[in-house]
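J.: Given the structure of chain A, go ahead and fit chain E onto it with the hints provided.
Next come the chains, spelled out residue by residue.
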Amino acid sequence: MTTVTEDVPTTTAPAKHRAEVATALPPARGQSFLKLVAIELRKSVNTRSGRVLIAAILLIALAAMAWQFTHLPAGNAGFDGFLGAGSTGAMLLLPVIGVMAMTSEWTQRTALTTFTLSPRRVRVQLAKFVSAVVLSAVVMTGVVALALASTALAGGVTDHAASYAGLGGQLAGAYLTMGLNVVMGAAFGAVIPQTAVAILAFFIAPTAWSLAGPALFKDNANYLDVFGALGRIAERDLHGMVPETLTAVGVWIVLPTIVGLWASSRREVK
Amino acid sequence: MITVENLTKRYGSTTAVQDVSFTVQPGSITGFLGPNGAGKSTTLRMLTGLTPPTSGTATITGKRYADLPNPGRVVGVMLDAAAQHPGRTGRETLLLNASLLGVPKSRTDEMLEAVGLSHAAKRRVGQYSLGMRQRLGIAAALLGDPAVLILDEPANGMDPEGIRWMRGLLQDFAARGGTVILSSHLLGEVQATVDRLVVIGGGRIVADGSLDELLAGTGTLVRGLDPIRLNEALTVAGLNLEPLADGSLRVDATAEQVGRAAAAAGQILIELRQSDGAGLEDLFFQLTAAPTAAAA
Numbered sequence: 001m002t003t004v005t006e007d008v009p010t011t012t013a014p015a016k017h018r019a020e021v022a023t024a025l026p027p028a029r030g031q032s033f034l035k036l037v038a039i040e041l042r043k044s045v046n047t048r049s050g051r052v053l054i055a056a057i058l059l060i061a062l063a064a065m066a067w068q069f070t071h072l073p074a075g076n077a078g079f080d081g082f083l084g085a086g087s088t089g090a091m092l093l094l095p096v097i098g099v100m101a102m103t104s105e106w107t108q109r110t111a112l113t114t115f116t117l118s119p120r121r122v123r124v125q126l127a128k129f130v131s132a133v134v135l136s137a138v139v140m141t142g143v144v145a146l147a148l149a150s151t152a153l154a155g156g157v158t159d160h161a162a163s164y165a166g167l168g169g170q171l172a173g174a175y176l177t178m179g180l181n182v183v184m185g186a187a188f189g190a191v192i193p194q195t196a197v198a199i200l201a202f203f204i205a206p207t208a209w210s211l212a213g214p215a216l217f218k219d220n221a222n223y224l225d226v227f228g229a230l231g232r233i234a235e236r237d238l239h240g241m242v243p244e245t246l247t248a249v250g251v252w253i254v255l256p257t258i259v260g261l262w263a264s265s266r267r268e269v270k
Numbered sequence: 001m002i003t004v005e006n007l008t009k010r011y012g013s014t015t016a017v018q019d020v021s022f023t024v025q026p027g028s029i030t031g032f033l034g035p036n037g038a039g040k041s042t043t044l045r046m047l048t049g050l051t052p053p054t055s056g057t058a059t060i061t062g063k064r065y066a067d068l069p070n071p072g073r074v075v076g077v078m079l080d081a082a083a084q085h086p087g088r089t090g091r092e093t094l095l096l097n098a099s100l101l102g103v104p105k106s107r108t109d110e111m112l113e114a115v116g117l118s119h120a121a122k123r124r125v126g127q128y129s130l131g132m133r134q135r136l137g138i139a140a141a142l143l144g145d146p147a148v149l150i151l152d153e154p155a156n157g158m159d160p161e162g163i164r165w166m167r168g169l170l171q172d173f174a175a176r177g178g179t180v181i182l183s184s185h186l187l188g189e190v191q192a193t194v195d196r197l198v199v200i201g202g203g204r205i206v207a208d209g210s211l212d213e214l215l216a217g218t219g220t221l222v223r224g225l226d227p228i229r230l231n232e233a234l235t236v237a238g239l240n241l242e243p244l245a246d247g248s249l250r251v252d253a254t255a256e257q258v259g260r261a262a263a264a265a266g267q268i269l270i271e272l273r274q275s276d277g278a279g280l281e282d283l284f285f286q287l288t289a290a291p292t293a294a295a296a
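These protein sequences, in sequence, are chains A and E. First residue of the first sequence? That's 1 in my numbering, and the numbers climb one at a time after it. First residue of the second sequence? That's 1 in my numbering, and the numbers climb one at a time after it.
Take the hints with a grain of salt, since some may be wrong.
Lysine-lysine pairs mimicking DSBU-like chemistry, simulated, CA-CA at most 30 angstroms apart [stated by the list, open to error]:
1. Lys122/E / Lys270/A
2. Lys63/E / Lys270/A
3. Lys270/A / Lys105/E
4. Lys35/A / Lys270/A
5. Lys105/E / Lys122/E
6. Lys63/E / Lys105/E
Source of the hints: derived by calculation from the structure; they are not laboratory data.
For reference, chain A alone in the conformation it holds in the complex (with noise of 0.2 angstroms):
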């Protein structure tokens, strides 16, 4: 039955197999890195859990500002109050879609399919970063949109005047902060494959520095204080604090990035 194999594909077999399907495919070419993006884009928003999350911070925002809508403060209804009660939710949600970007492969298991068919592994976490980061960005526009239209509305409805004061640099703020929450939270994705896990370490460890260090080191801690430093950016005034704050990116943000990429490299596929 299988005397003949060795010499099988030399003199019976056609020079290229071919399945059973008719259709001639285009021929093959490798991965590029926007290719990848796209189809991380799409696994966020294919499955009914990553439809939930998006739509949860959009209501969440648009509650928030149905809030601030009641109970506006005397003056003028300004943007920067429905932004602000609008992205208070969202900077808390949106890195959870970074982190859930990096780690619901592992979980749901399906990193072995990816894997096999893109066994460059940096280049698939480094599209899932960006990826991350686009959809965030997406569903920021959608609160900034959400902010705009409650801006105008609370100026046409209510004895208010609308007031856009300050609004390029506000933007400016939300977008930086979000994004660098954001890739945050898919380096702590990175290290840690467990989604619950990760957005546990996610949301403790960076906060138990802020109330642990301050008392054992002082002004010194400011140079790991994350929030802190997110916040100077956000307002874009580093008050002087530049080598702290970039410290603190570079400890909370860039190396967890760093390590997060080799680890999730070398990690085993089962």
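T.: Okay, now just chain E, sitting in the frame of chain A:
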């Protein structure tokens, strides 16, 4: 063509796979056989770049897996049919892969049709039975029209009709020059499908050869109207035999030798055939029960 050379994987002090070498030729189906925990999946994961080997190399069509520019167009892999996102539909699962492989969307529907899942294409994979997930996994493996197939336990969870369907599909694939390796601990399934066997036990290769070679020497099964007289007749003729529980005899001889010896003694035979099935099972247990002895 798949070439595995001296692959070894150690986890701390335990050795999961030790010095494993074999090749799989185009146009053949190789069964990778071994009990659970023998190192089958670890070997297949090293072959597909998912697990870094401690030492040794594995190549597919002459290249290391990680060096294939778009591996899905060369080698179809299904290592675990359960590892699919339950929240995506069957069709969406394949569409994602099709986009990455650079094959047209129509190919997705063709493959769903080919594995008999067209009716379930729009259902979420979470609602699929294990057999349906195996079919979806095979559709995914075939999507890029590969020349090589690597399947880990593809018959797992399939009904007999599904197993027969897959057997036809794989034999057809190999007949057109494809290279197939499939792992299993289901002996009967492997025997009917493959033409070569690589048997692994305790992390080492304990047998490697064509099905015929490995089954040779298991002898002939014979059953007579009078088992005791037949036993005497064959023993007198100098044949080695072993009585089996059901009254038949397993003889280390060809069917012709047994037939002649029985005819010379005037014994009436009611069954005479090559010993199979049980033979492979015996071989399997014998090879894997004491792997260290077999390898030494």
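J.: Hints first: check each against the structure and report whether it holds.
T.: Now the hints, each set against the structure:
{"no.": "1", "hint": "Lys122/E / Lys270/A", "in the structure": "28 angstroms, holds"}
{"no.": "2", "hint": "Lys63/E / Lys270/A", "in the structure": "23 angstroms, holds"}
{"no.": "3", "hint": "Lys270/A / Lys105/E", "in the structure": "29 angstroms, holds"}
{"no.": "4", "hint": "Lys35/A / Lys270/A", "in the structure": "25 angstroms, holds"}
{"no.": "5", "hint": "Lys105/E / Lys122/E", "in the structure": "15 angstroms, holds"}
{"no.": "6", "hint": "Lys63/E / Lys105/E", "in the structure": "28 angstroms, holds"}
Comparing the model with each numbered hint stated earlier shows that all of them hold.
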